[in-house]
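Start from the sequences and build out the full structure, keeping to the hints where you can.
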Amino acid sequence: MILEVKNLRVEFPTRRGALVAVDDVSFSIAPGEVLGVVGESGAGKSVTGLAIIGLLEPPGRIAAGEVRLEGRRIDNLPPEDMRRVRGRRIAMVFQDPLTSLNPLYTIGAQLEETIRTHLALAPKASREKALGLLKEVGIPAAEQRYHHYPHQFSGGTRQRVVIALALAAEPSLVIADEPTTALDVSIQAQIIALLKRLAASHRTAVMLITHDMGVIAETAQRVAVMYAGRLVEIGPVRDVIHSPQHPYTVGLMGAIPKISLSRNKSLTQIDGAMPRLNAIPPGCAFNPRCPRRFERCAKERPDLSPAGASEAACWLHEPRRA
Amino acid sequence: MGLLELSEVSRDFDVSRPWLNRVLEGEPRRTLRAVDGLSLAVQRGETLALVGESGSGKSTVARLIVGLYPPSSGRVEFRGRRMQMIFQDPYASLNPRWRVGSIVAEPLLHLRKEKAARVKERVDQLLVQVGLSPEDGEKFPHEFSGGQRQRISIARALAGEPDLLVCDEPTSALDVSVQAQILNLMAELQRRLGLTYVFISHNLAVVSEVADRVGVMYAGRLVELAPAAELFARPRHPYTRMLLDAVPDLAMSGKPRTPVAGEVPNPLALPAGCAFHPRCPHANERCRAERPAFVNSVACHAIAEDRIRG
Amino acid sequence: MILREFFSRVWENDLAWSFRRSPVTIAAALVAAACIGGALLAPWLAPQNPFDLAALDLNEAFKPPAWIEGGLAQYPFGTDNQGRDVLSTILYGTRLSLAVGFASVLLAMALGVSAGLAAGYFGGRLDAVIMRIADVQLSFPAILIALLIDGVARVAIAQDLHDALAVYVLVLSIGLSKWVDFARTVRGSTLVERGKEYVQAARIIGRGPLGILGSHVLPNVMGPVLVIATLNIGIAIITEATLSFLGVGVPPTTPSLGTLIRIGNDFLFSGQWWITVVPGAALVLLVLSVNLLGDWLRDALNPKLR
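Which chain is which? The protein sequence lines are E, P and Z, in order.
When we follow my numbering, the leftmost residue of the first sequence carries the number 1, and every step to the right adds one.
When we follow my numbering, the leftmost residue of the second sequence carries the number 1, and every step to the right adds one.
When we follow my numbering, the leftmost residue of the third sequence carries the number 1, and every step to the right adds one.
Check each hint, because a few of them may be wrong.
Per the computed footprint, the stretches of chain E lying under chain P, defined by three or more beta-carbons under 8 Å from a beta-carbon of chain P, are [stated by the list, open to error]:
| # | segment |
| --- | --- |
| 1 | 154 to 160 |
| 2 | 187 to 200 |
| 3 | 206 to 217 |
| 4 | 245 to 256 |
| 5 | 267 to 277 |
Hint data in this document are derived by calculation from the structure and do not stem from the laboratory.
Keep in mind it's a predicted model, so treat the numbers as computed, not measured.
We put the CB at the ideal spot given by N, CA and C, even for glycine.
This is how it looks when you write it as structure tokens:
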């Protein structure tokens, strides 16, 4: 396993008490695997990614649990050590390519800087590697574009550059936070295909965070569904999408509009909204909105237990006593 | 006769650099043609969707329809009484300093000149109609979630008793489950009140759920217009086909995909002839030189010349 | 109504909490309150009315502060060259300074906000004209502008009316020198607001520009305006003091803090230091506390720092 997250808990202390943004989340990612982390806004998926890479904005902090990268713990490293891990062994791709690139330097310069910092290659070797990366991510006329500035690229191409930058130091794990959300549909498809190809060829573990289930369906092998900071279902993509086990996932799949030849009369809707972090109900966080809830749901919080080919945190799938 | 008719509508924006810079650097004026020769008619009671990616001009069309700015050429004819608009950003469409009740009441006060007592009654009615409660009228927008704010926007739009509602990406900023609630609400309101919708979106899946007819836009031009079922079953224009191919497939039927090439062109430097030709696998010399006319509900030389099935 | 709602929102927990947390701000607020309170209550607090020429006694001139040998208890900070009790003059003078400060800031605010709203909302030529005037004015120091307007007024107004109208001319000149700060900020905020969808929604409903500016745009641009206003009060008071120091501010018969500092300047090195130093200290204290309050307000209202 490249990444192992165990019982991660992220809190944001406020003067009215601590808000728990990520509550007891565990998962792992194997080399070359793409794990999709899906959830609506406020579910805690971005916070999870930031916690793993150590970029939580204070006063947010990891309150419990551990994060292991290739066997070694990284959640408790001093800032200097974490800085070395970041970029070299973990890379992150953000939603907005414009703010990920420094507008004052050419992309070639930025690529070379990353390569030299983390891989200590000679200038000529690092330039060659940078060019190779640009070609690998599909930038046409790489030799010329090497000397261009970020603003001279369009959105989709910029995102490719960002991906090249992320891969420059040959990280074991790439965290991509909504990498295609700001892009047009046709470009989205290109970037998705690129991520998939690179993960396989470089044997990089990819954590793909997005609210778009369609993107996950195309790109990921497994998917984790988050709700109110908790992991409610995790399993192979096909199974989670076609036979969701947790009532929230069921509702989510029903609510997603799909291109169909007959116009559906209405989409499945889940009444209400995801609770705010300061108002999470006791027991199962989803219980007030759940069409299949019963008494136990409002009292005890369920853990992940096997459900079909996946795991779901739901009392409908009572864990078998050992 | 359509409720709304656009005839050869174009809209240009002056994006020249400031006068002083132009004079000193000897640059000519620059215009951006956001919408180019668009013609369509919207029938009463239908939902017409306009779909396209960035730079397609669909948002500009929305604003041309409601009259936020006039067309540079062509005509917009509205044969109903009133139009209203629902916007994309639930956080910027409500004035944060106003109470919800005042927000919903604003059209009432300015269009109908109702008496004070009746206004409150009507506002309460509207709030209930969109799934909120009369007490919500006392609160401020920031106390509501994105989905609830869109409901408030809808209530405000309905207050003006419009015939036509122009919806500019009304659910793009919402979570999937909330989107479903809002789309269902809009469908129900349409049934109950006999509304006509012009629905702008970049999301083909959403469009397939709501639209009766779909118009596909590319680089400011209308390239295809068809009933929804037909468009999704038998897309004709190469861009429409490419678009449908590119939508991430939830069903994962594993259909082979034609590799998608290129990006949306820079609106200031559109290719000559058919704007899509650089990315089109069927482009020929004529496509590079001559802009295809919108004929038979599609604007494509290859289809007109029977080179591909149309 | 809009203003009340604005204040009720502003004074909710976050702002008050941030206030309570900062000892510097609390101290500044207390000092400012003391200065303003003292100035407002001057007629009742001051032992003497320094503006009443008949009450002055030249024999009492140059008395040192009470704690120094030769000082009298009835003149805690001593007297100046005309026998005026320094404490009383400070109280009355602060009153004058505050009045001029607030009035000129209000004038600048009214002018600047209107200009900014018009420039930002209507754009085009109106925007270009207003902003060019602003740019030109910004290339002159505010003091110079105030001096210029003051000078013009002196020529324009008949000699015998000078003293009576001096304060109004002062307010006008300082106000006119400061409108640009407000205009630029408001213009920027207005440009942002103009693009907001609720403004577009109001236009679709059919509301006219004045209605939209007044009910939609103005409440949303006032935040930074209040911060600028608070900070500018300190600047306005200093400007008035400077002008009075230079002799072109308030008439010498109704001295403000600036006048006192000027008067005392001549005697600084001949031993009667208190005539300059004490009013000087009072001025510094007043402006410092107002500025600190303005700083706190700016930081407290900045959502990014919360």
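Hint by hint, here is what the structure shows:
Judged by the Cβ-Cβ criterion of 8 Å, the segment 154 to 160 of chain E is covered by chain P as claimed, because 4 of its residues qualify and three suffice. Counting residues of the segment 187 to 200 of chain E whose C-beta sits closer than 8 Å to any C-beta of chain P gives 5, which meets the bar of three, so the coverage hint holds. Closer than 8 Å: that is the beta-carbon criterion, and the segment 206 to 217 of chain E has 6 residues meeting it against chain P, so the requirement of 3 holds. Beta-carbon proximity to chain P at under 8 Å applies to 5 residues in the segment 245 to 256 of chain E; the threshold of 3 is reached and the given coverage holds.
Closer than 8 Å: that is the beta-carbon criterion, and the segment 267 to 277 of chain E has 7 residues meeting it against chain P, so the requirement of 3 holds.
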